[in-house]
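Chemist: If you want the building blocks of each chain, they are given just below.
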Amino acid sequence: MARTRTELERALAEDPFDGDARREYARLLEEAGDLQGALRQWELVCRQRPESAAGFLGAGRCHQALGASERAATCVAEARSKSDFAKTSPPDGQRPALQVLVGGAGPRQSAEVVPLSAAAVRFCDVVGHVELKKTIEVKIIAPFVRPGLFARFGKRAGGGVLMYGPPGCGKTLIARAIASECEASFTAVGISEILNLWLGESERNLAAVFDRARQRRPAVLFFDELDALAFARSKSHSDHTRTLVNEFLNQLDGVAHDNQGVLILAATNMPWDVDPAMKRPGRFDRQVFVPPPDDLARAEMFRIKLAAVPTAAIDFMRLARATPQFSGADIDGVIEAAKEHVIAEILGGAPERPIEEPDLLAAARELQPSTLDWLRTARNLVKYAGDGSYREVEAYLKQVKLL
Amino acid sequence: MSELDDLHHQIERLLEVGRADEARRLAGRALALDPADPDTLCLLGAAAAEAGDHDEAKRLAHAALASSPDHEPARVLLFDVLMEEKAYAEAEAVILELLRDNPADPDHMAGYARLLLRVYQLEKARALVAEALRHDPDHALAQVLDALLHVIRGDDRLASARLGRMIAADPDAAHVVHTAIVVLGERGKHREALELARELLRARPNDPELVDTVIELRLASHWAMLPLRPFIRGGWPFAAVMWAVAVFGLIALRLFVSDTAAVAVGGPYFALVVYSWTGPPLLRRWLRWRGF
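If you're matching them up, the sequences are chains W and R in order.
Residues 1 to 403 in this note's numbering are what the first sequence lists, from first letter to last.
Residues 1 to 292 in this note's numbering are what the second sequence lists, from first letter to last.
Fair warning: there could be bad hints in the mix.
Example chain R residues on the side facing chain W (calculated, C-beta under 10 Å, incomplete) [claimed, not checked]:
no.: 1; residue: 99
no.: 2; residue: 173
no.: 3; residue: 218
no.: 4; residue: 263
No lab work stands behind these hints, which were simulated from the structure alone.
By construction, the Cβ of each residue, glycine as well, lies at the ideal position given by its N, Cα and C atoms.
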């Protein structure tokens with residue numbers, strides 16, 4: 001089975017001299033259009049396995065696509081001299097040009113501006129979270145799409161909203177849906193777009209992201225993993241973190257900058273790691289807890305995710321009740337485990353059959369919800385730390401009898 | 001700036017914010033660029049150590065040292081991992097070598113003092129901390145160790161003075177709050193220490209040791225512990241004196257008063273003894289279960 005990029009990177013981290021993994025990684029980068037990266041990998045393959053033609057052929061393909069025909073010819077000539085040349089395919093000059101153009105995981109990409117399209121995620125596409133969606137519509141979207149009404153009551157559109165909760169529960173999806181509902185341009189910002197080794201450069205990158213959003217009003221600026229960018233200064237060891245948080249606060253403050261019409265959304269799994277100053281009024285003063293999906297939402301998820309899979313009659317509500325606190329990602333895991341079980345049975349000689357409810361229930365029993373760790377940590381906050389800012393979490397923990 | 005330097009910076013940053021998994025993923029990318037780069041190996045080792053995989057961290061530190069024998073971050077990583085594993089003899093060999101190469105480095109002095117404190121070599125630890133603070137009066141670890149050494153010695157005044165200096169310099173820093181909790185707890189100010197510990201727990205709710213500390217401090221400051229407060233304050237010497245006074249006092253009392261009066265005096269004392277055995281564990285369980 002083909003490994004993903006992350007799996008290959010992990011494999012190479014564990015054993016940098018794993019030639020097969022490196023070859024697979026190089027091919028993957030090449031297919032993704034990251035020719036520079038792929039070339040480096042093929043060159044390493046050449047060094048690690050100089051007796052094989054594969055590395056030279058790969059390097060040749062990359063050189064050719066990058067326009068270095070002479071180097072490509074040298075590589076191919078080198079490959080021809082290897083004993084296994086006949087077994088590997090020659091560099092096909094007919095590879096589609098699109099491969100060079102798409103992807104391109106260069107060292108740094110600018111913050112991704114995702115234009116809204118007909119296929120954009122809407123609130124109706126987000127399964128479950130009924131109460132949460134209502135709250136967001138009233139508190140976040142309505143001021144944005146009907147600024148006149150809210151202005152008459154002295155309320156402004158824009159500002160900051162921090163979504164927090166266990167991983168895999170749809171924070172990013174909700175952020176995209178908010179952007180669609182607000183009919184605003186959506187800019188997703190990750191840690192790699194901001195951080196830079198040089199002093200002051202990260203702050204400049206951050207300011208540039210905000211400036212771009214202000215130019216594109218109405219705009220939604222989305223910071224995923226906010227804790228990584230606005231890490232609590234009391235816990236950090238470097239001045240770099242402190243200056244970046246200071247700049248972030250400066251950009252959020254309405255006094256220094258006009259953020260009217262710019263909705264700043266952020267998501268984090270670890271709200272306790274976010275600098276407390278970020279949560280003060282005028283910054284991310286609205287904090288929304290995104291809990292794991294409820295029974296109805298999980299049943300709906302099972303129904304949607306199993307729609308294209310051969311299944312017998314399944315009681316989705318029973319499945320949902322058997323998977324308390326499971327996130328969307330966990331439900332994927334349950335379905336995959338059930339699929340594997342059925343396929344293994346068929347390969348073992350059993351007659352072909354669809355996935356049945358007991359397969360899914362058995363898979364659910366074997367898996368632990370990934371949200372539990374987060375919920376236990378949050379329980380410490382509510383139970384022992386006396387932190388009043390997690391009332392929604394406290395209510396949820398009581399509801400699911402974890403408190 | 002090379003792509004590798006940029007990746008190193010991002011990995012360091014991810015490690016600082018406690019995202020070991022992402023740091024490992026990024027380190028995989030860095031390793032793909034240069035599989036033998038000691039800085040990358042060392043950062044990958046630090047990520048493994050952060051995730052609790054000590055064997056892998058040690059293996060990577062050794063791999064970095066095989067590639068560059070004098071690589072200081074790899075040696076420091078190895079020292080930290082050995083300290084976590086409580087392999088103090090091996091850790092001492094590493095830190096001594098580091099000190100031999102950099103005799104005036106306060107980081108290494110404080111690191112060695114930390115080791116000596118763990119093995120109760122208090123005088124040597126004190127001398128090293130003093131030397132580290134002479135080189136860098138604001139060294140965070142050296143200041144924490146200095147305060148702890150004063151607490152261990154029972155010198156509350158000096159511990160408070162050190163704590164005061166730390167608070168004046170950086171009142172919000174987590175290490176300062178940690179030190180304050182220890183010093184206040186030692187001075188019997190459990191309620192104040194509890195408030196600080198709860199404040200710290202709000203920032204680190206996933207720290208099980210901190211949860212235990214908070215529960216212990218709540219227990220010590222609970223009203224139900226009032227009858228036992230003299231024992232908590234006085235410690236073992238007070239308990240021994242009380243025991244001796246009670247035993248011999250009750251025997252002597254029987255010679256002069258009636259049995260009823262002796263039971264009236266001895267009964268509460270007996271109840272106190274039973275309560276001192278059963279009360280705190282029960283209350284601790286209750287607080288852990290119920291929260292506060």
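Chemist: Decide, hint by hint, whether the structure agrees.
Modeler: So, going through the hints one by one against the coordinates:
A hinted interface residue such as residue 99 of chain R counts as satisfied when its beta carbon comes closer than 10 Å to some beta carbon of chain W; here the least separation is about 22 Å, so the hint is violated. Look at residue 173 of chain R: its Cβ gets to within about 6 Å of chain W, closer than 10 Å, so that hint holds up. Checking residue 218 of chain R against chain W by beta carbon gives a least distance of about 8 Å; that is within 10 Å, so the hint holds. Violation of the interface hint for residue 263 of chain R is found here, the shortest Cβ-Cβ separation to chain W being roughly 42 Å, above the 10 Å cut-off.
Violated hints, in rising order: 1, 4; the structure is consistent with all others.
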